[in-house]
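Undergrad: Start from the sequences and build out the full structure, keeping to the hints where you can.
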Amino acid sequence: MLDIKFVRENPDVVKENIKKKFQDAKLPLVDEVVALDAENRKTIQEAQDLRTARNAKSKQVGVLMGQSKKDPSKLAEAEALKAEVKADADRLAYLEGRETELAEQIRRIMLQIPNIIDPSVPIGPDDSCNVEVQRFGEPVTPDFEIPYHTQIMESFDGIDMDAAGRVSGNGFYYLMGDIARLHEAVLAYARDFMIDKGFTFCVPPFMIHGNVVEGVMSQTEMDAMMYKIEGEDLYLIGTSEHSMIGKFIDQIIPEDKLPQTLTSYSPCFRKEKGAHGIEERGVYRIHQFEKQEMVVVCKPEDSMDWYEKMWRFSVELFRSMDIPVRQLECCSGDLADLKVKSCDIEAWSPRQQKYFEVCSCSNLGDAQARRLKMRVKGEKGTYLPHTLNNTVVAPPRMLIALLENNLLSDGSVNIPEPLRPYMGGKEVLTPKH
695 MLDIKFVREN PDVVKENIKK KFQDAKLPLV DEVVALDAEN RKTIQEAQDL
745 RTARNAKSKQ VGVLMGQSKK DPSKLAEAEA LKAEVKADAD RLAYLEGRET
795 ELAEQIRRIM LQIPNIIDPS VPIGPDDSCN VEVQRFGEPV TPDFEIPYHT
845 QIMESFDGID MDAAGRVSGN GFYYLMGDIA RLHEAVLAYA RDFMIDKGFT
895 FCVPPFMIHG NVVEGVMSQT EMDAMMYKIE GEDLYLIGTS EHSMIGKFID
945 QIIPEDKLPQ TLTSYSPCFR KEKGAHGIEE RGVYRIHQFE KQEMVVVCKP
995 EDSMDWYEKM WRFSVELFRS MDIPVRQLEC CSGDLADLKV KSCDIEAWSP
1045 RQQKYFEVCS CSNLGDAQAR RLKMRVKGEK GTYLPHTLNN TVVAPPRMLI
1095 ALLENNLLSD GSVNIPEPLR PYMGGKEVLT PKH
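Residue numbering for the sequence shown follows my numbering, beginning at 695 and increasing consecutively.
Since the hints were derived computationally from the structure, they do not count as laboratory data. There may be inaccurate statements among the hints.
[As the list claims (entries may be wrong)] Lysine to any residue pairs mimicking SDA-like chemistry, simulated, CA-CA at most 25 Å apart:
#	residue 1	residue 2
1	LYS1120	ASP854
2	LYS713	GLU908
3	LYS699	LEU723
4	LYS993	ASP812
5	LYS699	GLY756
6	LYS1071	PRO841
7	LYS941	LEU928
8	LYS941	MET998
9	LYS1067	SER822
10	LYS699	ILE946
11	LYS1048	GLU832
12	LYS699	LEU1029
13	LYS965	LYS736
14	LYS1067	ASP856
15	LYS965	GLU1010
16	LYS720	THR914
17	LYS714	ASP1060
18	LYS891	GLU1111
19	LYS1126	PRO841
20	LYS1003	GLU949
21	LYS993	PHE893
22	LYS1074	GLN954
23	LYS736	GLY791
24	LYS965	ASP856
25	LYS891	LYS780
26	LYS1048	ASP1060
27	LYS1067	LEU1029
28	LYS1003	ASP856
29	LYS780	GLU790
30	LYS699	ALA750
None of these values were measured; they are calculated from a predicted model.
TA: Here it is in C-alpha coordinates:
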(Lines of atoms letter the chains of each structure in order from A and count residues from 1; the text may use other names and numbers.)
(Lines give C-alpha, C1' and ligand atoms only; values in the text may rest on other atoms or scores of the structure.)
Protein backbone atom coordinates (compact mmCIF):
# COMPACT_ATOMS: atom_id res chain seq x y z
CA MET A 1 0.00 0.00 0.00
CA LEU A 2 1.30 3.44 -0.94
CA ASP A 3 1.55 6.43 1.36
CA ILE A 4 -1.51 8.67 0.82
CA LYS A 5 0.82 11.70 0.92
CA PHE A 6 2.76 10.25 -2.02
CA VAL A 7 -0.45 9.70 -4.01
CA ARG A 8 -1.66 13.21 -3.17
CA GLU A 9 1.60 14.80 -4.33
CA ASN A 10 2.29 12.46 -7.29
CA PRO A 11 -1.04 11.43 -8.86
CA ASP A 12 0.42 11.30 -12.37
CA VAL A 13 3.25 9.02 -11.26
CA VAL A 14 0.73 6.69 -9.63
CA LYS A 15 -1.45 6.65 -12.75
CA GLU A 16 1.52 5.93 -15.01
CA ASN A 17 2.48 3.02 -12.75
CA ILE A 18 -1.07 1.64 -13.01
CA LYS A 19 -0.81 1.84 -16.81
CA LYS A 20 2.52 -0.01 -16.72
CA LYS A 21 0.76 -2.79 -14.83
CA PHE A 22 -2.04 -2.86 -17.42
CA GLN A 23 -4.71 -2.15 -14.81
CA ASP A 24 -6.36 0.84 -16.49
CA ALA A 25 -9.67 0.09 -14.76
CA LYS A 26 -8.01 1.33 -11.55
CA LEU A 27 -7.06 4.76 -12.95
CA PRO A 28 -10.23 6.50 -11.62
CA LEU A 29 -9.30 5.34 -8.12
CA VAL A 30 -6.44 7.84 -8.01
CA ASP A 31 -8.62 10.93 -8.52
CA GLU A 32 -11.27 9.45 -6.23
CA VAL A 33 -8.86 8.87 -3.35
CA VAL A 34 -7.21 12.29 -3.81
CA ALA A 35 -10.65 13.94 -3.56
CA LEU A 36 -11.57 11.89 -0.48
CA ASP A 37 -8.23 12.74 1.09
CA ALA A 38 -8.83 16.47 0.51
CA GLU A 39 -12.27 16.19 2.12
CA ASN A 40 -10.83 14.21 5.01
CA ARG A 41 -8.11 16.74 5.72
CA LYS A 42 -10.68 19.55 5.55
CA THR A 43 -12.93 17.62 7.94
CA ILE A 44 -10.07 17.01 10.36
CA GLN A 45 -9.14 20.69 10.32
CA GLU A 46 -12.72 21.82 10.91
CA ALA A 47 -13.03 19.34 13.79
CA GLN A 48 -9.83 20.63 15.33
CA ASP A 49 -10.97 24.24 14.99
CA LEU A 50 -14.30 23.33 16.61
CA ARG A 51 -12.57 21.63 19.56
CA THR A 52 -10.45 24.74 20.10
CA ALA A 53 -13.49 27.05 19.86
CA ARG A 54 -15.59 24.80 22.10
CA ASN A 55 -12.93 24.78 24.81
CA ALA A 56 -12.68 28.58 24.68
CA LYS A 57 -16.47 28.99 24.78
CA SER A 58 -16.80 26.54 27.67
CA LYS A 59 -14.32 28.55 29.69
CA GLN A 60 -16.18 31.73 28.80
CA VAL A 61 -19.48 30.18 29.96
CA GLY A 62 -17.88 29.50 33.32
CA VAL A 63 -16.73 33.09 33.57
CA LEU A 64 -20.17 34.44 32.62
CA MET A 65 -21.94 32.18 35.09
CA GLY A 66 -19.67 33.51 37.82
CA GLN A 67 -20.37 37.11 36.77
CA SER A 68 -24.15 36.45 36.63
CA LYS A 69 -24.29 36.38 40.44
CA LYS A 70 -23.56 40.11 40.46
CA ASP A 71 -24.94 40.92 37.02
CA PRO A 72 -28.08 38.88 36.11
CA SER A 73 -27.81 40.09 32.48
CA LYS A 74 -24.74 37.84 32.09
CA LEU A 75 -26.92 34.76 32.62
CA ALA A 76 -28.69 35.20 29.29
CA GLU A 77 -25.36 35.68 27.58
CA ALA A 78 -24.06 32.49 29.23
CA GLU A 79 -27.13 30.51 28.13
CA ALA A 80 -26.71 31.72 24.54
CA LEU A 81 -23.08 30.64 24.60
CA LYS A 82 -24.10 27.26 26.07
CA ALA A 83 -26.37 26.78 23.05
CA GLU A 84 -23.45 27.51 20.76
CA VAL A 85 -21.31 24.97 22.63
CA LYS A 86 -24.10 22.38 22.22
CA ALA A 87 -24.36 23.12 18.49
CA ASP A 88 -20.58 22.85 18.17
CA ALA A 89 -20.66 19.50 20.01
CA ASP A 90 -23.33 18.18 17.63
CA ARG A 91 -21.32 19.34 14.61
CA LEU A 92 -18.16 17.82 16.06
CA ALA A 93 -19.87 14.47 16.57
CA TYR A 94 -20.91 14.51 12.91
CA LEU A 95 -17.39 15.44 11.77
CA GLU A 96 -15.77 12.71 13.86
CA GLY A 97 -18.15 10.17 12.34
CA ARG A 98 -17.38 11.50 8.89
CA GLU A 99 -13.65 11.25 9.61
CA THR A 100 -14.08 7.54 10.38
CA GLU A 101 -16.11 6.99 7.18
CA LEU A 102 -13.60 8.84 5.00
CA ALA A 103 -10.62 7.06 6.54
CA GLU A 104 -12.21 3.70 5.78
CA GLN A 105 -13.07 4.69 2.19
CA ILE A 106 -9.52 5.96 1.66
CA ARG A 107 -8.02 2.77 3.08
CA ARG A 108 -10.28 0.58 0.93
CA ILE A 109 -9.14 2.35 -2.22
CA MET A 110 -5.49 2.51 -1.19
CA LEU A 111 -5.50 -1.26 -0.75
CA GLN A 112 -6.41 -1.55 -4.44
CA ILE A 113 -3.77 0.81 -5.86
CA PRO A 114 -0.64 -1.16 -6.82
CA ASN A 115 2.79 -0.49 -5.40
CA ILE A 116 5.29 1.51 -7.48
CA ILE A 117 7.39 -0.96 -9.45
CA ASP A 118 11.17 -0.68 -9.68
CA PRO A 119 12.46 1.06 -12.86
CA SER A 120 14.33 -2.14 -13.81
CA VAL A 121 11.12 -4.19 -14.13
CA PRO A 122 10.36 -5.14 -17.77
CA ILE A 123 7.00 -3.86 -19.04
CA GLY A 124 4.46 -6.38 -20.28
CA PRO A 125 0.86 -7.45 -19.67
CA ASP A 126 1.38 -11.03 -18.47
CA ASP A 127 3.90 -13.79 -17.80
CA SER A 128 4.49 -14.30 -21.53
CA CYS A 129 6.56 -11.10 -21.32
CA ASN A 130 8.80 -12.29 -18.49
CA VAL A 131 12.46 -12.03 -19.43
CA GLU A 132 15.13 -14.70 -19.07
CA VAL A 133 18.17 -13.09 -17.44
CA GLN A 134 20.66 -15.93 -17.08
CA ARG A 135 21.07 -19.70 -16.89
CA PHE A 136 22.98 -21.78 -14.38
CA GLY A 137 24.04 -25.29 -15.39
CA GLU A 138 23.73 -26.96 -18.76
CA PRO A 139 20.29 -28.39 -19.57
CA VAL A 140 20.71 -32.07 -20.40
CA THR A 141 18.37 -34.26 -22.39
CA PRO A 142 19.08 -37.98 -21.87
CA ASP A 143 18.93 -40.48 -24.72
CA PHE A 144 16.09 -42.39 -23.09
CA GLU A 145 12.46 -41.50 -22.54
CA ILE A 146 11.61 -39.85 -19.24
CA PRO A 147 8.20 -40.89 -17.86
CA TYR A 148 5.73 -38.43 -16.33
CA HIS A 149 6.74 -37.62 -12.76
CA THR A 150 3.88 -39.57 -11.16
CA GLN A 151 4.91 -42.64 -13.17
CA ILE A 152 8.44 -42.30 -11.82
CA MET A 153 7.05 -42.06 -8.29
CA GLU A 154 4.72 -45.00 -8.87
CA SER A 155 7.67 -47.18 -9.91
CA PHE A 156 8.89 -46.79 -6.31
CA ASP A 157 5.37 -47.28 -4.87
CA GLY A 158 5.85 -43.69 -3.77
CA ILE A 159 2.56 -41.97 -4.60
CA ASP A 160 -1.15 -42.74 -4.42
CA MET A 161 -3.37 -40.04 -5.87
CA ASP A 162 -6.39 -42.33 -6.27
CA ALA A 163 -6.61 -42.92 -2.53
CA ALA A 164 -6.11 -39.20 -1.88
CA GLY A 165 -8.94 -38.47 -4.30
CA ARG A 166 -11.26 -40.74 -2.35
CA VAL A 167 -10.22 -39.17 0.96
CA SER A 168 -9.86 -35.49 0.02
CA GLY A 169 -10.70 -34.97 -3.67
CA ASN A 170 -8.62 -33.70 -6.57
CA GLY A 171 -5.42 -31.81 -5.84
CA PHE A 172 -4.25 -34.04 -2.99
CA TYR A 173 -1.81 -36.97 -2.77
CA TYR A 174 -0.23 -39.60 -0.56
CA LEU A 175 3.56 -39.84 -0.67
CA MET A 176 5.05 -43.09 0.62
CA GLY A 177 8.24 -44.99 1.12
CA ASP A 178 11.43 -43.71 -0.45
CA ILE A 179 9.62 -40.88 -2.25
CA ALA A 180 8.15 -39.61 1.02
CA ARG A 181 11.59 -39.90 2.61
CA LEU A 182 13.16 -38.01 -0.30
CA HIS A 183 10.50 -35.33 0.13
CA GLU A 184 11.47 -34.87 3.78
CA ALA A 185 15.18 -35.03 2.94
CA VAL A 186 14.81 -32.10 0.57
CA LEU A 187 13.05 -30.05 3.24
CA ALA A 188 15.62 -30.93 5.90
CA TYR A 189 18.53 -30.10 3.59
CA ALA A 190 16.90 -26.79 2.61
CA ARG A 191 16.40 -25.94 6.29
CA ASP A 192 20.04 -26.61 7.14
CA PHE A 193 21.22 -24.83 3.98
CA MET A 194 19.49 -21.63 5.11
CA ILE A 195 20.65 -21.99 8.71
CA ASP A 196 24.21 -22.16 7.35
CA LYS A 197 23.49 -18.87 5.56
CA GLY A 198 22.77 -17.27 8.93
CA PHE A 199 18.95 -17.46 8.87
CA THR A 200 16.96 -18.30 12.01
CA PHE A 201 14.79 -21.41 11.65
CA CYS A 202 11.10 -20.95 12.54
CA VAL A 203 7.91 -22.98 12.58
CA PRO A 204 5.06 -20.44 12.42
CA PRO A 205 1.30 -20.66 13.00
CA PHE A 206 -0.48 -22.29 10.08
CA MET A 207 -3.61 -20.14 10.50
CA ILE A 208 -3.78 -16.34 10.63
CA HIS A 209 -6.36 -13.63 11.33
CA GLY A 210 -8.04 -11.66 8.54
CA ASN A 211 -6.20 -8.43 9.35
CA VAL A 212 -2.88 -10.24 8.80
CA VAL A 213 -4.13 -11.62 5.47
CA GLU A 214 -5.08 -8.08 4.42
CA GLY A 215 -1.66 -6.90 5.55
CA VAL A 216 0.41 -9.33 3.51
CA MET A 217 -1.48 -9.68 0.22
CA SER A 218 -3.99 -8.09 -2.12
CA GLN A 219 -7.71 -8.90 -2.14
CA THR A 220 -7.33 -10.53 -5.56
CA GLU A 221 -4.62 -12.87 -4.27
CA MET A 222 -6.62 -13.65 -1.15
CA ASP A 223 -9.73 -14.62 -3.11
CA ALA A 224 -7.70 -16.85 -5.45
CA MET A 225 -5.62 -18.54 -2.75
CA MET A 226 -6.91 -18.54 0.82
CA TYR A 227 -9.13 -21.06 2.56
CA LYS A 228 -11.20 -19.50 5.37
CA ILE A 229 -12.15 -21.38 8.52
CA GLU A 230 -15.94 -21.20 8.66
CA GLY A 231 -17.31 -19.23 11.58
CA GLU A 232 -13.91 -17.96 12.74
CA ASP A 233 -11.58 -15.10 11.91
CA LEU A 234 -8.92 -17.52 10.72
CA TYR A 235 -7.43 -18.41 7.33
CA LEU A 236 -5.16 -21.32 6.39
CA ILE A 237 -1.83 -19.92 5.19
CA GLY A 238 -0.88 -20.21 1.52
CA THR A 239 2.81 -19.87 2.44
CA SER A 240 4.68 -19.34 5.71
CA GLU A 241 5.63 -15.84 4.51
CA HIS A 242 2.12 -14.78 5.54
CA SER A 243 2.51 -15.64 9.21
CA MET A 244 6.24 -14.79 9.31
CA ILE A 245 5.67 -11.20 8.13
CA GLY A 246 2.51 -11.10 10.26
CA LYS A 247 4.73 -11.79 13.28
CA PHE A 248 5.68 -8.10 13.22
CA ILE A 249 2.16 -6.63 13.04
CA ASP A 250 1.85 -3.46 15.17
CA GLN A 251 5.45 -3.89 16.34
CA ILE A 252 8.29 -1.38 16.67
CA ILE A 253 11.57 -3.11 15.80
CA PRO A 254 14.80 -1.64 17.21
CA GLU A 255 17.05 -0.68 14.33
CA ASP A 256 19.93 -2.70 15.76
CA LYS A 257 17.77 -5.83 15.37
CA LEU A 258 17.76 -5.46 11.58
CA PRO A 259 17.99 -7.32 9.35
CA GLN A 260 15.60 -10.01 10.51
CA THR A 261 16.57 -13.09 8.47
CA LEU A 262 14.18 -16.00 8.96
CA THR A 263 13.68 -19.36 7.29
CA SER A 264 10.41 -21.09 8.03
CA TYR A 265 8.82 -24.47 7.45
CA SER A 266 5.09 -24.91 6.98
CA PRO A 267 2.41 -26.77 5.12
CA CYS A 268 0.69 -24.54 2.57
CA PHE A 269 -2.96 -24.56 1.54
CA ARG A 270 -4.16 -23.05 -1.73
CA LYS A 271 -7.37 -23.01 -3.71
CA GLU A 272 -5.39 -22.81 -6.98
CA LYS A 273 -8.28 -21.20 -8.82
CA GLY A 274 -7.83 -21.10 -12.57
CA ALA A 275 -5.14 -23.80 -12.72
CA HIS A 276 -5.28 -25.51 -16.10
CA GLY A 277 -3.26 -27.26 -18.78
CA ILE A 278 -1.65 -30.67 -19.21
CA GLU A 279 1.07 -29.96 -16.65
CA GLU A 280 -1.48 -29.06 -14.00
CA ARG A 281 -2.15 -32.77 -13.34
CA GLY A 282 0.07 -34.83 -11.09
CA VAL A 283 1.62 -32.71 -8.33
CA TYR A 284 2.26 -29.51 -10.27
CA ARG A 285 -0.85 -27.74 -8.95
CA ILE A 286 -2.12 -29.04 -5.64
CA HIS A 287 -4.15 -27.76 -2.70
CA GLN A 288 -1.72 -28.84 0.01
CA PHE A 289 2.06 -29.01 0.02
CA GLU A 290 5.04 -28.31 2.28
CA LYS A 291 7.56 -25.57 1.86
CA GLN A 292 10.73 -24.03 3.25
CA GLU A 293 10.65 -20.24 2.90
CA MET A 294 13.07 -17.38 3.49
CA VAL A 295 11.92 -13.99 4.77
CA VAL A 296 13.91 -10.80 5.34
CA VAL A 297 12.90 -7.57 7.11
CA CYS A 298 15.55 -4.90 6.57
CA LYS A 299 16.39 -1.22 6.18
CA PRO A 300 15.01 0.28 2.93
CA GLU A 301 18.49 0.99 1.58
CA ASP A 302 19.46 -2.68 1.99
CA SER A 303 16.47 -4.36 0.34
CA MET A 304 17.80 -4.62 -3.21
CA ASP A 305 21.04 -6.16 -1.94
CA TRP A 306 19.00 -8.74 -0.05
CA TYR A 307 16.87 -9.37 -3.13
CA GLU A 308 20.03 -10.31 -5.07
CA LYS A 309 21.32 -12.52 -2.26
CA MET A 310 18.02 -14.33 -1.83
CA TRP A 311 17.45 -15.46 -5.40
CA ARG A 312 21.10 -16.48 -5.65
CA PHE A 313 20.62 -18.69 -2.58
CA SER A 314 17.95 -20.55 -4.57
CA VAL A 315 20.29 -21.00 -7.51
CA GLU A 316 23.06 -22.30 -5.26
CA LEU A 317 20.70 -24.76 -3.57
CA PHE A 318 19.38 -26.24 -6.81
CA ARG A 319 22.80 -26.39 -8.44
CA SER A 320 24.11 -28.32 -5.41
CA MET A 321 21.65 -31.04 -6.45
CA ASP A 322 22.77 -30.95 -10.10
CA ILE A 323 19.56 -29.32 -11.28
CA PRO A 324 20.01 -26.72 -14.07
CA VAL A 325 18.04 -23.53 -13.44
CA ARG A 326 17.46 -20.12 -14.92
CA GLN A 327 16.47 -16.72 -13.52
CA LEU A 328 13.38 -15.16 -15.07
CA GLU A 329 12.61 -11.48 -14.44
CA CYS A 330 8.87 -10.96 -13.90
CA CYS A 331 7.30 -8.24 -16.03
CA SER A 332 5.05 -5.47 -14.72
CA GLY A 333 1.78 -7.21 -15.52
CA ASP A 334 2.88 -10.40 -13.79
CA LEU A 335 3.71 -8.66 -10.50
CA ALA A 336 1.24 -8.90 -7.65
CA ASP A 337 0.08 -5.45 -6.51
CA LEU A 338 2.31 -5.27 -3.43
CA LYS A 339 5.52 -6.20 -5.25
CA VAL A 340 8.23 -3.75 -6.28
CA LYS A 341 10.31 -6.35 -8.11
CA SER A 342 10.18 -10.12 -8.50
CA CYS A 343 11.90 -12.97 -10.29
CA ASP A 344 11.28 -16.68 -10.67
CA ILE A 345 13.87 -19.40 -10.50
CA GLU A 346 12.88 -22.10 -12.95
CA ALA A 347 14.25 -25.65 -13.04
CA TRP A 348 14.98 -27.59 -16.20
CA SER A 349 12.56 -30.39 -17.06
CA PRO A 350 14.25 -32.93 -19.37
CA ARG A 351 10.88 -34.55 -20.06
CA GLN A 352 9.14 -31.34 -21.11
CA GLN A 353 12.26 -29.84 -22.70
CA LYS A 354 11.59 -26.57 -20.93
CA TYR A 355 11.97 -24.79 -17.60
CA PHE A 356 9.25 -24.55 -14.95
CA GLU A 357 8.90 -22.41 -11.82
CA VAL A 358 10.27 -23.74 -8.54
CA CYS A 359 11.05 -20.52 -6.60
CA SER A 360 9.71 -16.98 -6.56
CA CYS A 361 11.73 -14.13 -5.01
CA SER A 362 10.03 -10.81 -4.27
CA ASN A 363 10.87 -7.37 -2.87
CA LEU A 364 7.71 -5.73 -1.53
CA GLY A 365 9.27 -2.46 -0.45
CA ASP A 366 7.40 -0.96 2.52
CA ALA A 367 3.92 -2.07 1.34
CA GLN A 368 3.45 -4.89 3.85
CA ALA A 369 5.03 -2.84 6.63
CA ARG A 370 2.59 0.04 6.04
CA ARG A 371 -0.42 -2.29 5.96
CA LEU A 372 0.67 -4.12 9.12
CA LYS A 373 1.88 -0.95 10.92
CA MET A 374 5.37 -2.34 11.32
CA ARG A 375 7.95 0.29 12.25
CA VAL A 376 11.64 0.54 12.98
CA LYS A 377 12.97 2.79 15.71
CA GLY A 378 16.29 4.34 14.73
CA GLU A 379 18.47 7.20 15.88
CA LYS A 380 16.62 9.65 13.61
CA GLY A 381 13.11 8.49 14.48
CA THR A 382 10.80 5.74 13.25
CA TYR A 383 10.42 4.51 9.68
CA LEU A 384 8.94 1.61 7.71
CA PRO A 385 11.17 -1.38 6.96
CA HIS A 386 11.21 -3.28 3.68
CA THR A 387 10.11 -6.92 3.47
CA LEU A 388 11.25 -9.64 1.09
CA ASN A 389 10.46 -13.32 0.63
CA ASN A 390 11.67 -16.21 -1.49
CA THR A 391 10.98 -19.91 -1.80
CA VAL A 392 13.80 -22.13 -0.59
CA VAL A 393 12.16 -25.34 -1.78
CA ALA A 394 8.54 -26.37 -2.29
CA PRO A 395 8.25 -30.12 -2.69
CA PRO A 396 6.59 -32.09 -4.12
CA ARG A 397 6.95 -29.82 -7.19
CA MET A 398 10.67 -29.56 -6.49
CA LEU A 399 10.76 -33.39 -6.51
CA ILE A 400 9.73 -33.31 -10.17
CA ALA A 401 12.93 -31.46 -11.06
CA LEU A 402 15.02 -33.68 -8.81
CA LEU A 403 13.61 -36.96 -10.14
CA GLU A 404 13.75 -35.99 -13.82
CA ASN A 405 17.29 -34.59 -13.66
CA ASN A 406 18.65 -37.53 -11.64
CA LEU A 407 16.80 -40.36 -13.41
CA LEU A 408 18.98 -43.14 -14.84
CA SER A 409 18.23 -45.27 -17.89
CA ASP A 410 17.30 -48.33 -15.78
CA GLY A 411 14.64 -46.35 -13.89
CA SER A 412 16.69 -45.83 -10.77
CA VAL A 413 17.30 -42.34 -9.38
CA ASN A 414 20.66 -40.96 -8.31
CA ILE A 415 20.45 -39.21 -4.93
CA PRO A 416 22.42 -35.93 -5.02
CA GLU A 417 25.28 -35.97 -2.54
CA PRO A 418 23.90 -33.26 -0.19
CA LEU A 419 20.74 -35.32 0.36
CA ARG A 420 22.45 -38.61 1.18
CA PRO A 421 22.95 -37.91 4.92
CA TYR A 422 19.17 -37.35 5.14
CA MET A 423 18.50 -40.62 3.26
CA GLY A 424 20.46 -42.90 5.59
CA GLY A 425 23.48 -42.83 3.30
CA LYS A 426 21.64 -44.14 0.24
CA GLU A 427 23.21 -43.13 -3.05
CA VAL A 428 20.60 -44.53 -5.45
CA LEU A 429 16.89 -45.32 -5.28
CA THR A 430 16.01 -48.56 -7.04
CA PRO A 431 12.49 -48.95 -8.46
CA LYS A 432 10.31 -51.74 -7.13
CA HIS A 433 8.80 -52.43 -10.57
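Undergrad: Does each hint hold? Answer for all of them.
TA: Right, here's what the structure says about each hint:
1. LYS1120 / ASP854: With Cα atoms ~23 Å apart, LYS1120 and ASP854 stay inside 25 Å; holds.
2. LYS713 / GLU908: With a Cα-Cα distance of about 24 Å, the restraint between LYS713 and GLU908 holds, given a limit of 25 Å.
3. LYS699 / LEU723: Holds, because 15 Å separates the two Cα atoms, which is no more than 25 Å.
4. LYS993 / ASP812: 17 Å, holds
5. LYS699 / GLY756: 41 Å, violated
6. LYS1071 / PRO841: With Cα atoms ~55 Å apart, LYS1071 and PRO841 exceed 25 Å; violated.
7. LYS941 / LEU928: 15 Å, holds
8. LYS941 / MET998: Given that 25 Å is the threshold and the Cα spacing comes to 22 Å, the pair holds.
9. LYS1067 / SER822: 35 Å, violated
10. LYS699 / ILE946: 22 Å, holds
11. LYS1048 / GLU832: 12 Å, holds
12. LYS699 / LEU1029: Given pair LYS699, LEU1029 holds - Cα atoms ~24 Å apart, limit 25 Å.
13. LYS965 / LYS736: 44 Å, violated
14. LYS1067 / ASP856: Distance ~46 Å between LYS1067 and ASP856 Cα, so the pair is violated.
15. LYS965 / GLU1010: 30 Å, violated
16. LYS720 / THR914: 13 Å, holds
17. LYS714 / ASP1060: Between LYS714 and ASP1060 the Cα gap is close to 20 Å, so the pair holds against 25 Å.
18. LYS891 / GLU1111: 19 Å, holds
19. LYS1126 / PRO841: 15 Å, holds
20. LYS1003 / GLU949: 21 Å, holds
21. LYS993 / PHE893: Roughly 17 Å between the alpha carbons, so the hint for LYS993 and PHE893 holds.
22. LYS1074 / GLN954: 20 Å, holds
23. LYS736 / GLY791: Since the Cα atoms of LYS736 and GLY791 sit roughly 14 Å apart, the hinted pair holds (cutoff 25 Å).
24. LYS965 / ASP856: Status holds; Cα separation ~20 Å.
25. LYS891 / LYS780: Violated, at about 65 Å.
26. LYS1048 / ASP1060: 35 Å, violated
27. LYS1067 / LEU1029: 23 Å, holds
28. LYS1003 / ASP856: Given pair LYS1003, ASP856 is violated - Cα atoms ~41 Å apart, limit 25 Å.
29. LYS780 / GLU790: 15 Å, holds
30. LYS699 / ALA750: 32 Å, violated
Hints 5, 6, 9, 13, 14, 15, 25, 26, 28 and 30 from the list above are not met by this structure, while the remaining hints are.
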